[in-house]
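S.K.: Residue-level listing of the chains:
Protein chains: 2
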Amino acid sequence: MAQTVNKSFIPDLPKGGPLAEYRKRANFDWKDLKLIFEEEQTLKTKYRVWKLLEEDPLFTRSNTNLPTNESKRIAAMQMNHMANLNIVPDEVYNESITQRHKYLCAVNEALHAYSPSLSVKIALGVGLFNNALIAMGTERHQKYYKAAWNREIVTCLAITEVSHGSNTKRIRTTANYDPKTKEYIIHTPDFEAAKAWVGNLGKTATIALTFANLYTPDGESHGLHGFIVPIRDPKTLIAYPGVLVGDIGEKIGLNGIDNGFVMFNNYRIPHENLLNRTGDINEEGVYESVFSEPGKVLGAALESFSAGRIGIMQESVNTLAKAAVIAVRYSAVRKQFGPERDGEDIPIIEYQLHQWRIFPYLAAACVLRVSTFSLFESYMSAIERSQKDSNGFELLTQLVSELHALISSSKPHITWTARDAIQEAREACGGHGYLKASRLGDLRNDHDPSCTYEGDNNVLGQQASNWLVRQWENVESPVGTVDFLNRKDQMMKRTFNCVSKRWSFDHFEFALECYEWLLCHLIQKTTKLIGEEKSRGRNTFEARNNAQVYAARDLIRAYPEYYALRTFKERCSKPDVSKEIGVTLHTTYLIYAYWSLEKHMTSFYQGGFATGSAFADGVRKSLLEYCSQFKNVSVTVADALAPPDFALDSVIGKADGLLYENLQNEFMTNEGALERPRWWKDAVVKQQIKSKL
Amino acid sequence: MAQTVNKSFIPDLPKGGPLAEYRKRANFDWKDLKLIFEEEQTLKTKYRVWKLLEEDPLFTRSNTNLPTNESKRIAAMQMNHMANLNIVPDEVYNESITQRHKYLCAVNEALHAYSPSLSVKIALGVGLFNNALIAMGTERHQKYYKAAWNREIVTCLAITEVSHGSNTKRIRTTANYDPKTKEYIIHTPDFEAAKAWVGNLGKTATIALTFANLYTPDGESHGLHGFIVPIRDPKTLIAYPGVLVGDIGEKIGLNGIDNGFVMFNNYRIPHENLLNRTGDINEEGVYESVFSEPGKVLGAALESFSAGRIGIMQESVNTLAKAAVIAVRYSAVRKQFGPERDGEDIPIIEYQLHQWRIFPYLAAACVLRVSTFSLFESYMSAIERSQKDSNGFELLTQLVSELHALISSSKPHITWTARDAIQEAREACGGHGYLKASRLGDLRNDHDPSCTYEGDNNVLGQQASNWLVRQWENVESPVGTVDFLNRKDQMMKRTFNCVSKRWSFDHFEFALECYEWLLCHLIQKTTKLIGEEKSRGRNTFEARNNAQVYAARDLIRAYPEYYALRTFKERCSKPDVSKEIGVTLHTTYLIYAYWSLEKHMTSFYQGGFATGSAFADGVRKSLLEYCSQFKNVSVTVADALAPPDFALDSVIGKADGLLYENLQNEFMTNEGALERPRWWKDAVVKQQIKSKL
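Protein chains in written order, with my numbering: chain A, 244 to 936; chain B, 244 to 936.
What the hints contain is simulated information worked out from the structure, not anything from laboratory work.
When chains are identical, the list treats them as one kind, so a pair holds in a single copy or across two.
With a cut-off of at most 27 Å between alpha-carbon atoms, the simulated DSSO-like pairs for lysine-lysine come out as follows:
id: 1; residue 1: 924; residue 2: 389
id: 2; residue 1: 771; residue 2: 842
id: 3; residue 1: 258; residue 2: 274
id: 4; residue 1: 874; residue 2: 771
id: 5; residue 1: 274; residue 2: 287
id: 6; residue 1: 277; residue 2: 817
id: 7; residue 1: 287; residue 2: 817
id: 8; residue 1: 842; residue 2: 744
id: 9; residue 1: 924; residue 2: 478
id: 10; residue 1: 731; residue 2: 771
id: 11; residue 1: 864; residue 2: 842
id: 12; residue 1: 864; residue 2: 736
id: 13; residue 1: 631; residue 2: 389
id: 14; residue 1: 277; residue 2: 822
id: 15; residue 1: 864; residue 2: 771
id: 16; residue 1: 258; residue 2: 287
id: 17; residue 1: 768; residue 2: 874
id: 18; residue 1: 578; residue 2: 777
id: 19; residue 1: 842; residue 2: 768
id: 20; residue 1: 874; residue 2: 777
Can you make the complete structure from the sequences, with help from the hints?
M.R.: See the structure below:
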């Protein structure tokens, strides 16, 4: 069934040019494919944001690497200016929560594709701050929510301390309640307990949502709580007395964000600044827990902890797509060597090795975009469910646990895939890929922290493996991601031989059945390892630590891969997919499937699923074969994934394919390109034998 | 046998501090291990260079990211200033060629560890230029050699063109001989043929050794030749008429180097500027080939093409070591989580997963340092051999071919290993690893082009696999790297079962025997694939292209790994290795061996070497076991590999281990850290509801 949408809101690509040769080989319209990958409304929002930015001089890109201080100034100004652009119109607030989130995510993605510093700065200062406020605050904190939303205050979220990041239980900042003045005394015992790496705190934030251990006057600790802590006078940006706040200095990337640290010196804040949704100090100065609406608390917690990670996944899919698009377009234009010594060069996209290096990332960008959207929908339906009064709390708990496992493994998986894609693209574009204007270096440096923040990939992933291990004995999978575990005995008997009797390599089911065996195998292996460690007298902590390598760690990679394949397969079978696009999506699926499976090959042999060479031969040959088939549609698939040139901003990956013409402009017009440098006298060699030369 | 060298020239490490706990667990002196990894003279040279730089204000590091233009100015000044430092004393020229090269390599390594931009700038302008001059020039070009050596001229090597890098046969710059004026007319037909990416050319070079196709007046092409082409007036740095030269702009890293492009507009240079070692235009204007001393020509070619690659290998081993050192020191100090919920945190080095992530890179730095030195010695002995009059030309040819194969596969292998080490270290150091002052970002950005320049890793490696495939039928291995191929039938019959009957996993031979099978298998597989492709009518070019993935490409990874293991094993058995150090080197070997073998696991199963789980189980368990053993010596091994703090320059990897104290200084003292920014008015939010907050 063909698309019926009016596609004209998607700007056309340049006609002709060196990419036309490959573009014409696809038998479908790239815009139709784009509308499979993203919803019409999402795309419209994105193009609208890009247009607004492109037309506003404040968002003109600099051609040179700005000093860090200047990057911060510009990002701060851009953030403030956002409110004037009316990027989020009022009617968005009247839509359903899901529609609202979709809209905001689309805006975030569009901003991130333009400037990660800007989008992360806004996400930290508005999104994450407000989510935390919803999860932890009450009516009396509404004013902060609104002010942050309208960008009337610059905020930040101060959790991490210098010596503790992932392990939030070890946070040492204290908040002692003083019943006399009804104030909390916030204190940082030493530098190691200073709040650190807090985005927006370095130069600009006036309010920090700060996590500290609440103590009552009897000396009892009531655990971590959130506090609204004023940092700077908003009129002057001068820090309040008792607050030693500063900027941690340059980072590898994201230098538009002012990451800061703060040490509190017995700094007093009023009683109402405690975020008191789950507990508060009453009139008598006694701590009281509040238990109400557990479903809503759970939903808010899910929203609070997961929104950032889902945002990172969406951003990383875009980053992955950008890297793949640049590499594919470059390789379709760049020619080198050829079969005849004196004959024509051929485009490097024709090389099998080159196809194998970059097409899997292009396929991954397609598959992971679709699966991330699917995960987002499940997440939103859980949040909607949590808002209903009559929800079954037990089912909701299971739902939240499963989504948390899915997100905790997908975030590492997608961020790592994007990381690898950028590096492979850089190398695949050779020297020209090393030009700053190729944008691959900025992509890498800005993407890098995604592997660490909002849960270090290696640590976060363990939350997924712990959940998966629990499913081994008792399946509680309302989302259905591991429903096959209900038939685990049957699954474990699977071998390559029996799977290959049922399905050939070109069938969707083949890889899925392999993955089901693999997941069972890895869960069982992890469970067994933990059991063995415990039987040697180790406690749960140590036992789990010793079951990571080649077990839990492989498991949390396989799980999101399987989820991605399943959801992508579902997408392929929807009625809006035309026959032509269906063929390409099928190839895309197979490339991603066998590329991913191949990395688990040792487990398949070690666990007895495969013997002899047939399985490895089949997977590898299939991958190469599907890559070869993909060549003719790869440029069109890249077009369907690509943001406009304004957002892609790569001199070697432009949609016009005019690689050398664009490089010529870059070479000739970069700042001072053709000038003798002002410092030429410093470079002249003093004791020369010039006369002789 | 204990060391007898006076080790006092190696500066001591700080006493005490948080690293002392792990340091005291080693039962040997880190300085003794350092003297196993590097020769005394080499170390003395390096420490001398580092001391000279540290004491000279011109080499003081900037605390902030400098504008590109300023980085270039400083690098140019530092390069000019080199001559004043007397870093290469005159007596070095009187030493043997091998000693001289060792000295110069040590200087290069020390400079590179301080600033890759500076060392690459010198290497391009002096080393590579002069090597090319030796290989291609004659007596009449001596003056350039001396002037470059004494840093009286700034030079560069112009080979790559905008549209052709690896494929030098496609170079399109022309040099037409004009017999009337006895001049060559250098011409660039269009922008795609502009020389590009030429280091030092952008702003400073006055001379470019330029590759162009020589044409005689009869219109005949005589192929690529080198020409000495004046670019700028050395007194003013203004380009000569007919030379359009400029800077290509910012790069991802190495921004101290002014990479440039140049287009020649029928630009005339004198007859004697042709580098005429292999051919020249005679008095009658006719081209004449010169064939003399083929051994020396071959030796010069080896020196010319390989020096840069060996230099990159040495630099990359240092980069790899730096990344591993930072990660190991950080992980020995950084604590997080612990077995008891309310108990102590433990250093993250105690985690099995963390050990497995970083120790293999520390081991790789040890093994690859030793194997690179071994390769360097074989290379120097070939060059020495080529200088003797009575050399056997055929043997020399074989020697040069084998060394070329070894270098062509080792350069990719080492640069990729360093690339991965940096990324893993960055992630292993978490957020703090993302601080610019951790230096991991600079390491990554400066190291990145090593995977591309002096032969793109993927393209260069194919020269090694082509040589290896040739050895399958006819072994010509004077260096002995593939002498086992003489027993290939026997090798191919090997299986895990028979190897494991002879050796246990803790024996040196186990991995070597596995590798010999693997190499035979992969050569045979590649050969077979090429044969199959040809039998389908494909020519050699296409057949080879289709034998890369899972065949030739795996082969050229396995070959340098095997070479590294063999040479490291030899080093372990030398008499200067004490018993205690021997134990640690043995563990180091085993970690590198099983970590590397593990990556080839699919081939071992696919090729029938292993069936069932025993092989994979054994390799993986051994790796984890040896990593666990390595923990107690890892900090000491890191000390033995580490350059002094001045060169390492990482706030999180300092030798004193005072992680948080050093971070405190960094946070508090970075430029403007505690100040309100000058642009604060731009950041203040205009329409505030301040009064309410």
